[in-house]
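K.L.:
Now for the letters of each chain:
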Amino acid sequence: MTGYIPHTNEDIQKMLDVIGVDDIDALFLNLPDAVKQKGRLNIPEGRSEIEVLDRLNELADKNTVYKTIFRGAGAYNHFIPSVVSSLASRSEFLTAYTPYQPEISQGILQAMFEYQTMICELTGLEVSNASVYDGANAAAEAAVMCMTRKRSDIAISDAVNPQIIAVLKSWSKASGAQIRIVPQVDYKTDMDAIAGIMGDDCAALIMQSPNYYGVVEDMQQASDITHDLGGYFVASVNPTSLMLFQAPGEYGADIAVGEGQPLGNPLAFGGPYLGFMAATEKMMRKLPGRIVGQSHDKEGRRGYVLTLQAREQHIRRERASSNVCSNQAHAALTATIYMAAMGKRGLYDVAKRCYDNAHYLKEQLCKIDGVSCNYHPFFHEFMTSGVDGKKLNQKLSDQGILGPFEVESSLLWCTTELNNKDDIDKVVSIAREVMT
Amino acid sequence: MTGYIPHTNEDIQKMLDVIGVDDIDALFLNLPDAVKQKGRLNIPEGRSEIEVLDRLNELADKNTVYKTIFRGAGAYNHFIPSVVSSLASRSEFLTAYTPYQPEISQGILQAMFEYQTMICELTGLEVSNASVYDGANAAAEAAVMCMTRKRSDIAISDAVNPQIIAVLKSWSKASGAQIRIVPQVDYKTDMDAIAGIMGDDCAALIMQSPNYYGVVEDMQQASDITHDLGGYFVASVNPTSLMLFQAPGEYGADIAVGEGQPLGNPLAFGGPYLGFMAATEKMMRKLPGRIVGQSHDKEGRRGYVLTLQAREQHIRRERASSNVCSNQAHAALTATIYMAAMGKRGLYDVAKRCYDNAHYLKEQLCKIDGVSCNYHPFFHEFMTSGVDGKKLNQKLSDQGILGPFEVESSLLWCTTELNNKDDIDKVVSIAREVMT
Amino acid sequence: MMKLIFEITKEDRRSVRLPMSTIPSFNIPKEYARGQRPHLPEVSKIDLVRHYTALSLRTHGVDNGFYPLGSCTMKYNPKVNEKTASLVGFTNIHPLQSAQETQGALELMYDLKTMLCEITGMYDMTMQPAAGAHGEWTGLMMMKKYHEMRGDTQKRVILVPDSAHGTNPASAHVAGFDVKSIPSAADGGVDLEALRDAVGDDTAGLMLTNPNTLGIFESRIVEMAKIVHEAGGLLYYDGANLNAIMGQVRPGDMGFDVIHLNLHKTFSTPHGGGGPGSGPVGCAKRLAQFLPTPNVEKKGDTYFLQHDNEDSIGSVKSFYGHFLTLVRAYTYILSLGADGLSDASRIAVLNANYMMARLKDTYTVPFNGLCMHEFVMTAQKLKEETGISAMDVAKALLDEGIHPPTVYFPLIVKEAMMVEPTETESIETLDHACDVLLSIARIAKEDPQQLHDAPVTTVISRLDEVEAARNPILRYSISL
Amino acid sequence: MMKLIFEITKEDRRSVRLPMSTIPSFNIPKEYARGQRPHLPEVSKIDLVRHYTALSLRTHGVDNGFYPLGSCTMKYNPKVNEKTASLVGFTNIHPLQSAQETQGALELMYDLKTMLCEITGMYDMTMQPAAGAHGEWTGLMMMKKYHEMRGDTQKRVILVPDSAHGTNPASAHVAGFDVKSIPSAADGGVDLEALRDAVGDDTAGLMLTNPNTLGIFESRIVEMAKIVHEAGGLLYYDGANLNAIMGQVRPGDMGFDVIHLNLHKTFSTPHGGGGPGSGPVGCAKRLAQFLPTPNVEKKGDTYFLQHDNEDSIGSVKSFYGHFLTLVRAYTYILSLGADGLSDASRIAVLNANYMMARLKDTYTVPFNGLCMHEFVMTAQKLKEETGISAMDVAKALLDEGIHPPTVYFPLIVKEAMMVEPTETESIETLDHACDVLLSIARIAKEDPQQLHDAPVTTVISRLDEVEAARNPILRYSISL
Ligand SMILES: Cc1ncc(COP(=O)(O)O)c(C=O)c1O
Ligand SMILES: Cc1ncc(COP(=O)(O)O)c(C=O)c1O
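Chains as they are written, first to last, in my numbering: chain A, 1 to 436; chain B, 437 to 872; chain C, 873 to 1352; chain D, 1353 to 1832.
A hint or two may mislead.
Under the rule of at most 30 Å between Cα atoms (straight-line distance), these lysine-lysine pairs were calculated in the DSSO-like manner [claimed, not checked]:
1) A/K62 x A/K36
2) B/K450 x B/K474
3) A/K62 x B/K450
4) C/K902 x A/K188
5) D/K1712 x C/K882
6) A/K188 x A/K390
7) B/K450 x A/K67
8) A/K286 x C/K1255
9) A/K36 x C/K1157
10) A/K14 x D/K1637
11) B/K498 x B/K474
12) C/K1317 x A/K298
13) D/K1637 x B/K734
14) B/K472 x D/K1637
15) A/K298 x C/K1255
Worth flagging that the hints you see were computed from the coordinates, not collected in a lab.
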């Protein structure tokens, strides 16, 4: 037998005897002949592990790996302590599934409970689920949570990550709800436009801060406006930034969502990442996806279970408001261990280092003749214009540096704690070269 | 606090209070002032994990890693299935020590018991210990096992790996025993010389097969001669080769030793590897190092313990014949998992592939004008002469191939299952180029 | 009692540090600054390691024992998959690097989709969806768009057999369809008459997994396809059960127009305690234009992401899917190849039939005949006779180190236990599980209380789930 | 009962395959061919994984809980060490590649030896020895050679305190010396008078660990050194206890001429269930010429292996030492730096004194005063009063998930329990262990039988060790 099959020929014979058929083909007699597969699948023969590793190494080697990265735009190059993957890759965690049997799944359940607690702490909100697919889907799920018969349209700032807007638009086609775009001015949501666009029939406003361009938005003001209009305020946030900047709970957001990748998950060409969601207690029963709750056994021992399952698809079927089944458990576990490893002070240091590095870089870049910047508050990403992005990125690449992301004719820069002064000074001097 | 220390300042204060001293310095008052260290150690300041990884990556990158290797000479480039390190690196195995408390160490004890069984199976002998430092030290320990007051000298073939001979010589300086070298003729031990050299006062003859030059020796004959002279016969063997070639037990060896590296341990610039040792039951109580035995608990459940400890240094102290304490447990565990993963047939296939590849390579090389080979039976290593090694190795290196090892003016080639026909043909054609 | 990480936290403990920096500190503008810092844990390295190691030891995975959780395909997760998925050339590439710099990643995705298309008989495929349910939604949105583009605006109904997995009706609902349930026939398959009655002008499509959730192959699939297609509807294949049919029959050949796969089931990527999964969606040619953007394409020898596609339903996810999960599935398919995949299905079916044969006299099987890769049995009779429910049987299995089957699903079978052994389990493992199940049935008669009390060897006994839902405690309250 | 891998073996099962080969098959010469193939296991991948995973779960490591095994320094093993030791640039280099191709490896070894020399106050060092005992032997062989080269052939005696670790006298014996034991004084240190009496023309040297195995610093070390040196002997430092003194006092400055280190203790490389360790040997300048070959050296910016050294004792091992273990130790030293190493020792000493302070009223401490990084307490009084021995206490600790201290060592203390908490343990962990030990002492009085029966929570209870030694079963007998 090929593959990972333990059966010897004798085993197979013995099993066929017990079943009472002559051969394995007999087990497939229900398959209509007309559609049954005739030949072999047209895919290559199975390979040995040696060959498989050769092939995968060959593919991996075809990708350019940068040690120094100044690109973010939704995926962030953070340091992941070795301990995180050592622990997360324990095979018990990897090879378990959704903890339907809590008595032999207390470990993963407790880890999820810790995750929910950490997300609540980060966002300043009261309840969290155990993750959804990614930050964009988290935003879309949040939108669904806010919709009612009367208020089904969703307003979203044009300064939100375009991928989130795109996913939200795909989602909106399901319900026919309209997506109303609140314009931006100079990379910042136009606060004055919110009321006019939302009117009194919008379910929610979704804002992102720091937004796609890195700008820290005036979330308090946007939240107040939205609430005055009777809508829900949904904040899409970068988790790292919450160590420094106002938490959604502090400015009155009803729901906070975000992309959890920065919390210990690698860039990995875009996935798997995780979407986190937190909300006020009032919205608890509208949260989609898995939720872990605390309980106790007969002996009164504390334990954890999947709870509020009445919301979920397997119970509610076509009346469920979300279809989420498998979520991002392992990515959330990784985020949990990452947050525990970094700790309160460590994660603060990361955020502050991101911040300082970005501010230093911007300060230096803006000194270069011909480079223009805006002066909104920002976290670790910012825009510059005036530089030839193609040329700059080519030069940076030659030096082993992944440069900023080109957004139309401008550049979106990002720094994290993994950039240091030498790198930054080098980038600035290359930018200076390009400008002269 | 720096490093991996969990103490807060408060903790330290509390502990000092309980101890009843004012500060930590007070705990070091017993140290004579005259010798106490005054300043800081002159080593760099501690670095963050980011910096440490940078530095270690930098060092690793300075080494040339060859994908294709035709060099052996004591360290063999075998395929190690992913499952081996996944399992061996389970942190319970890594962070445990010698199983002094069997009740919480049944896992590692059982694995060692399995290891001993596998080594017995491979060597065809009756008892095995749980590993010693490496193949060379295993040979030296075997020599010690054979020595008596009357017979203390050790004969060893000149065709044994020179590193083993070197270590044996270092060992011999301890006891003053003489090492008598049995000469080789054309890379094979001179059978006719054995009797003359050993006489009737030699404790043992140590032979290696396949020997340093790859040649499969006539171990049966050597064993018979040795026994006729009243000496012990010690066989140093390559474990992989035992899938194809006569086992030490089959030709009557009293002790078999060898380097266990080929059993799933990486090249790793020479270590850690492991020395294995097996012997006849008669010599059981002379075996050095840790030995695991089967026992049972009160309820009659089968279990494993360190046994025959009366032989060991911690009981016998200056009357112990070996000082081994820490051994190569984890390398032996790795070897155990490797042998279980490869299995009876898999390891046979590896051995046969090594063999076929080497024979094909030799056949091809010997066809080249000016290359000379000998025609002794061999496993996966063989000698050629007539080629300019420096030149050849440079050319091979340019093609990403680590060529044969230069032994004086000849070349010692090795193939394993990781070499394929394309590689071999390429090497042959490069060799042909060099010869013209 | 196992402490929470917050309960071993101590102010000022820390375990990770950053390098020194020579960059000056910049102030955070006060009006945007956070008030109180979040109370994240503060623990030492050794306590961190012990804590999560201990949690892992309170978690049962495939590596710990048999896990015949029906519909979830808990097969062996090869370690080589983890090795390839951790290659730096995969883990450390930014999703917004140029195509030129990520040819290896794109080639892998393209190769994988080509092979998955071949396995399923589909024309094209997207790798974007994050899981099975997400794939369902994606596929349904494509179906919706298809009908819309043809002006078939009345096609608002998705038909779903009553045996279907909960995600099917839920996805249809979330995709904005109305859901109509189709009853099963006496043989466990879809009732053709009922299907004929249900289809109409409003039929957007039928969602089906085949074999269905009873583990029974819908042998009338060709007729079913005809009925639905004739009504202008589309056939959606829930690929959760592909493990039964690889190399035996292809959904495309059965008449399915859209399909999602669960890479975390059939293709051996680990389930990770509940995810991440990956739910690629394949489709017939006439639906290909609706696939989400971006999709990976090849031109000459070059791979690229096609972002422009006017008719696409748009993006369903950030970036391009669960890339590292794709790496694992790709590794698996390369390892098995055509014959290996076919063998996997054949032995999966053999294993299920073997267990069924050994158990069916004790635990009733509601539908006669052979099963495919899984089967449903019921504890109903047992319950009537002894009071022992499927849940009790499940808990008793825990005490033997065996993960129970899926219980109480599918909903159409009372006291259901859905058993999916998978092909990677040996006859010895199956025999042991059968022996245990048979002995539980005996104990049910002799000493039912013992089973009501189960599990007793676990770190905790049965938990009060009602209380948990009534008074939800969803986070630890950090008191300072 | 946990099966052996041989008991789950089945003919023809296999889990690893090689690539196809187009190379012809060559015959094995009959006269050399093996008769019967060895009966290695034949198991499937999933069974292999479950088997060794299950064995790991029956093994207690530092990651599972407190492990205060005296003299073994069971400190936290950083995960980053494992990461650096698995870099392909280290794992996949052949030891017989040229120096030019292995500059990174050589630089690491050179850097490491330089730092270790600085930490110990030694002039030069070899990385070759495989473990502590191997280092002892190596150092002793150097001492032997030193005397020989000076013509001091009468120097055949190594002095060893009666508190010394068993490897010290054993190594001296194996190195061909005679061993003379030196009694301890009332304060636990070496008795100076006894030492004076013992030294003589035949004194080759004194082996000592300082702090000694009682955890007591030999404060008369300067005098001791003088006595031995004046007799023409050398001072050997058993570095197993270096964890007490890094950055506080250097063996070289105390007068030691030769030293071995246990990288697997002080320098945090994992113990691996009993090894591999690593036992570098350092020495004063006058002994450097005797170091084993090859040794790593630097010339300009280039590192190389010096194979030629006429006076060397020769090789003590294949190749150059446990390279990957060196990588881990190097990673550790870089992480901690000068202050970190000093802190490690200071906190190790603090932790030991704290535990001793909490326990000494209950478990007698045979020698008064402060201890260094470990201390020895005794259950002797407890045994007299209650019948509960050190072994019983140890087994009772197992039931609490705590690895017991080293018991019955050093030999000079009856019912000894040697406690080494290490610096990586928090006050909470120490307090918990102290509470458990104190409660065991209480139970000893109230219900000694409970302790005689311990452990009860482990997978097996106390094993019959006598029987194991009397009728040794050292391998599984494969019956076919
Ligand atoms: C039949 C069936 N369909 C769909 C799904 C949903 O897949 P996922 O959990 O990946 O969203 C499942 C998973 O349990 C399933 O069993
Ligand atoms: C004091 C002392 N010396 C020497 C040794 C021997 O070290 P190794 O086990 O590495 O050979 C030990 C180890 O237990 C020890 O504690």
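K.L.:
Hint by hint, note whether the structure agrees.
P.N.:
Hint-by-hint comparison with the structure:
no.	hint	in the structure
1	A/K62 x A/K36	violated, 39 Å
2	B/K450 x B/K474	holds, 27 Å
3	A/K62 x B/K450	violated, 57 Å
4	C/K902 x A/K188	holds, 19 Å
5	D/K1712 x C/K882	holds, 28 Å
6	A/K188 x A/K390	holds, 25 Å
7	B/K450 x A/K67	violated, 45 Å
8	A/K286 x C/K1255	violated, 35 Å
9	A/K36 x C/K1157	holds, 21 Å
10	A/K14 x D/K1637	violated, 74 Å
11	B/K498 x B/K474	violated, 37 Å
12	C/K1317 x A/K298	holds, 24 Å
13	D/K1637 x B/K734	violated, 57 Å
14	B/K472 x D/K1637	holds, 21 Å
15	A/K298 x C/K1255	holds, 23 Å
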